[in-house]
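Q: Chain by chain, the residues run as shown.
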Amino acid sequence: MGLIEFTCAVLLTSALAGLLGALTGLGGGVVIVPVLALVFHVDLRYAVGASLISVIATSSGAAVSFVREGFSNVRIGMFLEVATTVGAVGGAYLASRISTHSIGIIFGITLLYSAWSSFRTKQDLQSHPPNALAEKLKLMGDYPVGGVRQTYVAQNVPAGFGIMAIAGILSGLLGIGSGAVKVLAMDSAMKLPFKVSTTTSNFMIGVTAAASAGIYLRRGYVAPGLAAPVMLGVLAGSIVGARLLVRIRVPILRVIFAVVIVALGVEMIYSGATGRL
Amino acid sequence: MPSEADLKMEITISRMLRVGVSLAAFVVLVGAILYLWQAHGMETDYRYFHGVPTPVDHFSPVLEGIRHLDSRSVIRLGILLLIATPIVRVAFCLYSFAMQKDKLYVLVSGTVLAVLLYSLLHR
Chain A
1 MGLIEFTCAV
11 LLTSALAGLL
21 GALTGLGGGV
31 VIVPVLALVF
41 HVDLRYAVGA
51 SLISVIATSS
61 GAAVSFVREG
71 FSNVRIGMFL
81 EVATTVGAVG
91 GAYLASRIST
101 HSIGIIFGIT
111 LLYSAWSSFR
121 TKQDLQSHPP
131 NALAEKLKLM
141 GDYPVGGVRQ
151 TYVAQNVPAG
161 FGIMAIAGIL
171 SGLLGIGSGA
181 VKVLAMDSAM
191 KLPFKVSTTT
201 SNFMIGVTAA
211 ASAGIYLRRG
221 YVAPGLAAPV
231 MLGVLAGSIV
241 GARLLVRIRV
251 PILRVIFAVV
261 IVALGVEMIY
271 SGATGRL
Chain B
1 MPSEADLKME
11 ITISRMLRVG
21 VSLAAFVVLV
31 GAILYLWQAH
41 GMETDYRYFH
51 GVPTPVDHFS
61 PVLEGIRHLD
71 SRSVIRLGIL
81 LLIATPIVRV
91 AFCLYSFAMQ
101 KDKLYVLVSG
111 TVLAVLLYSL
121 LHR
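Sequence order for the protein chains is A and B. To convert, note that position 258 of the first sequence is 258 in the numbering used here; the numbers rise steadily by one, no gaps. To convert, note that position 78 of the second sequence is 78 in the numbering used here; the numbers rise steadily by one, no gaps.
Rather than coming from a laboratory, the hints here were simulated on the basis of the structure. Among the hints, erroneous ones may be present.
To be verified - Pairwise CB distance ranges, derived in the manner of DEER restraints:
1. A39/B / L125/A: 52 to 58 Å
2. A5/B / L125/A: 35 to 41 Å
3. I4/A / S60/B: 40 to 46 Å
4. A132/A / A98/B: 45 to 51 Å
5. L133/A / V30/B: 48 to 54 Å
6. K8/B / S102/A: 42 to 48 Å
7. L245/A / A5/B: 28 to 34 Å
8. Q100/B / S102/A: 21 to 27 Å
Computed from a predicted model, the values in this text were never measured in an experiment. Quick reminder that beta carbons are idealized off the backbone N, C-alpha and C, glycines included.
Model the full assembly from the supplied sequences, consistent with the hints where possible.
A: Below you can see the structure in the form of structure tokens.
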């Protein structure tokens, strides 16, 4: 494939990944890495490097609309970023120590988990019992529910912090935002309201990714000619997706996307296990 | 407990982030157009990894490349701008917490900032 055809194909694919990622809430990174590796036969390290850059762009680009709604919690986000950034630095170092085969398999498992997690039922706690540690760390807040402000207090702080460290490692290792794992930490472990979890998670993704970006750049994982169309494509797709999301409900799309993710996950595990990555 | 001050801080931050991302995306776009212009007819080669590192702790090679209108250097500059936006965000949070005299969160955001700068600058 010539350079212009290749670049245009990557740009269009990235835009589609960004669009679907925004519509389903899973992010563009989880799609673009396996597609680059499996369809475009890009070395996994270049794919991961390009994806990580696009993850920073989408997280920072989407922040405005999320913040205005008043759901995200800057203190909870900042506190948990201690775990995600340290994890991300570790994950980025790990990326050069283990083979691309193993990274492919870990990626596949993460994809399967992400697909599954997008179907979890979400139920917010009606009342939050007091939690001494969370109160000492000011991990609480309130959010609007039908005009009134509902208060919440974080639960299981050490467990949430630990899961966040894992989310950071996965982000640094796989070049993804790992939003699904971040939401798991806040929503399932810390019992934060779902809306607070997703918006705070989005806010955290850019900072987490920035923690491994420097290491990726220094290692040469970020190839400018590939990272540029991936970043621009995913960013454009996710902006359009976020706009569409306000107007349309997407249960069918969610199912289709989950099927695609499962297929990519199985293929990544298979390719990794047979040494083709 | 996200007070009015916190919400104001977040709105300012998110505006800053949008400006940073727009600027970075514009620079990357210019670089990408230049790249296609300069490199047309070339074959792509991402199948095998032969990483060419981007220096992150000194800007002179990138700036030198831009002076020669090297498209890859322009894209690299855009990527560095992009990485800078979340770092500036954390620095701004640190400042806001200091203004609110919240010692605990000055410490927390200081730690995050230190990790970010460590990963970017150490060799």
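Q: Tell me, which hint numbers fail for this structure?
A: 2, 3, 4 and 8
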